[in-house]
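These protein sequence lines map, in sequence, to chains A and B.
Mapped onto the working numbering, the consecutive letters of the first sequence carry residue numbers 1 to 255.
Mapped onto the working numbering, the consecutive letters of the second sequence carry residue numbers 256 to 515.
Possibly wrong hints are sitting among the right ones.
As the list claims (entries may be wrong) - Calculated pairs, BS3-like style, for lysine-lysine (alpha carbon to alpha carbon, straight line, at most 30 Å):
id, chain 1, residue 1, chain 2, residue 2
1, A, K17, B, K375
2, A, K92, B, K261
3, B, K464, A, K17
4, A, K17, B, K261
5, B, K261, B, K372
6, B, K478, A, K92
7, B, K372, B, K491
By construction, these hints were calculated from the structure, which means they are not laboratory data.
Remember, predicted model here, so these are calculated numbers, not experimental data.
Spelled out from the first residue to the last, the chains are:
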Amino acid sequence: MSTFFSDWYYLSIRNTKQIWRPVMALIPSMFIPIFFFVVNSQSFSKVSAIPGFPHVSYKEFIAPVAIFTAIFFSAGNAGIELVQDIASGYFKKLLVMPINRLAIILGKLTEVAVQSVLQGGIVLVLLFAVGVPFKTGFFGVIAMFSMLILFAMAWSCIGMIAALRTQNARLVQSMFVLVFPFLYLTTSQMPREMLPDTFRIFATYNPVTSIVEGVRALVLDGWGNPAIWQGFLVAGILFVVMVALTLGSFKSALK
Amino acid sequence: MIIEVKDLVKTYPGGVEAVRGVTFDVKEGEFFGFLGPNGAGKTTTMNMLVNLVKKTSGSITVDGFDLAKQPAEIYKRVGFAMQEIGLDETATAREMLQLHGRLYHLSTQRIDEQISKLLKLVELEKVADRFASTYSGGMRRRLDLALSLIHEPRILFLDEPTQGLDPHARQLIWNHLRDLNKRGMTVFLTTHFMDEAETLCERIAIMDKGQIVTRGTVPELLKEHGAKTLEEVFLKTTGSNIGEEEVNANASDPYVRGRG
């Protein structure tokens, strides 16, 4: 194993252990998506009767969003953990070791991927339990997690960039609020055709819309929907761009 | 010479000159002390020696490698215990030592040998499987020291290693450091404890306001400055102004820099 892959592997193991240390830290990012799913699917159940709404129940329509939200919320932890490492001085220890800096980033992103599968998986099981179908079957589940993991890793880079550039824990934690505009100015709650004009424009240019619609297509439609490939394309581009920006931000950590 | 520093300068954005043309060298196997008041530029200099802070100008050679060209070669040869004890609070001492051994690409057998040797050395054998967050200040310092030694570095950089420790813990750390130095390890120590420098260091450089103001062995310094103690030498050569110290000490703080 080359030293790069070895560094990546061992840093990933170290970071992944942080997911459940302490276990209680997992609860908020699990609670929020389930809470919104239960409340919204009940409160807005009659929305599906409005003319123009797709031929699915509102519960089914927002089910993919519940998985997506679980991953969205947990992806912010990477930046918080990184700023904690910076504040404690542990990050400096890593910087004076003969480690490839890309391995440090990828080690964090692997943690994000593992956490995404764990949390998204739990929400998926709950959705199956309440009768939400999955049109693309087992391979669709694999495809959905692949797309969501790519996106979660890209999203987690925002927190890491903030951590590296500002080294300020309060600012990194406050990046959490970005979830709301990026998640709600999409088609997560309503189909595109039923959004007000201004929101529709935001949703069209919001890259998160492509991911939401890609996941929704996998859950509700089937492989023929082009939203799936568009979702993969957007998630892939975001991943490459954000990892490159994070790598560039390492310079800021060295004043 | 195992460390050679020539005309080293660090000017932070905003114009704060933390280090102003420092030149010195450290012999192989030497216990070298870097003294100075808070904000003198000691930590900035040390951080530049391990590439944690980018130099503005000057040259640094460590164990024959130019830091600007081959930093990775230098990382393999140095251990660094910082002023801020950098531990992973969510890991145990054993886990951290194992990870560091892996990241220095040691074999499994060597990691195991080093872990048992180092845990014994820093007297943390009984608590090796407890989380670092449960450790006292002294235990955290000792673990930090063990982490910096996992790969048996040729040069050990120590930035205020006994800050905040009780006399017993300080004595324990001093004994470890003497022992490591006797075994041939070069030690570069920054401190503002005169007794620490006097007890441990073969040669000392005193820094003030970003410059080295004097250097030599303790007897040489006492003779040169007509002093009876190292503290007297320190006060004669630095005579620092508290206000200036505080600004310099925060030179890397973006808020202070922003005020210009």
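Exercise. Is K478/B close enough to K92/A, meaning Cα to Cα at most 30 Å?
Worked result: Roughly 39 Å between the alpha carbons, so the hint for K478/B and K92/A is violated.
Exercise. If you draw a straight line from the CA of K261/B to the CA of K372/B, is it 30 Å or shorter?
Worked result: Given that 30 Å is the threshold and the Cα spacing comes to 37 Å, the pair is violated.
For this session: Take a quick look at whether K92/A and K261/B sit within 30 Å of each other, Cα to Cα.
Result: holds, 24 Å
Problem set entry | Restraint status (C-alpha distance of K17/A to K375/B at most 30 Å) | Holds. K17/A to K375/B sits at ~26 Å (cutoff 30 Å).
For this session: Take the C-alpha atoms of K372/B and K491/B, compute the straight-line distance between them, and say whether it is at most 30 Å.
Result: Given that 30 Å is the threshold and the Cα spacing comes to 43 Å, the pair is violated.
Exercise. Holds or violated: are the alpha carbons of K17/A and K261/B at most 30 Å from each other?
Worked result: violated, 44 Å
For this session: Would you check the hint for K464/B and K17/A, treating anything up to 30 Å between C-alpha atoms as holding?
Result: violated, 44 Å
Violation of the numbered hints given earlier is confined to hints 3, 4, 5, 6 and 7; the remaining hints are satisfied by the structure.
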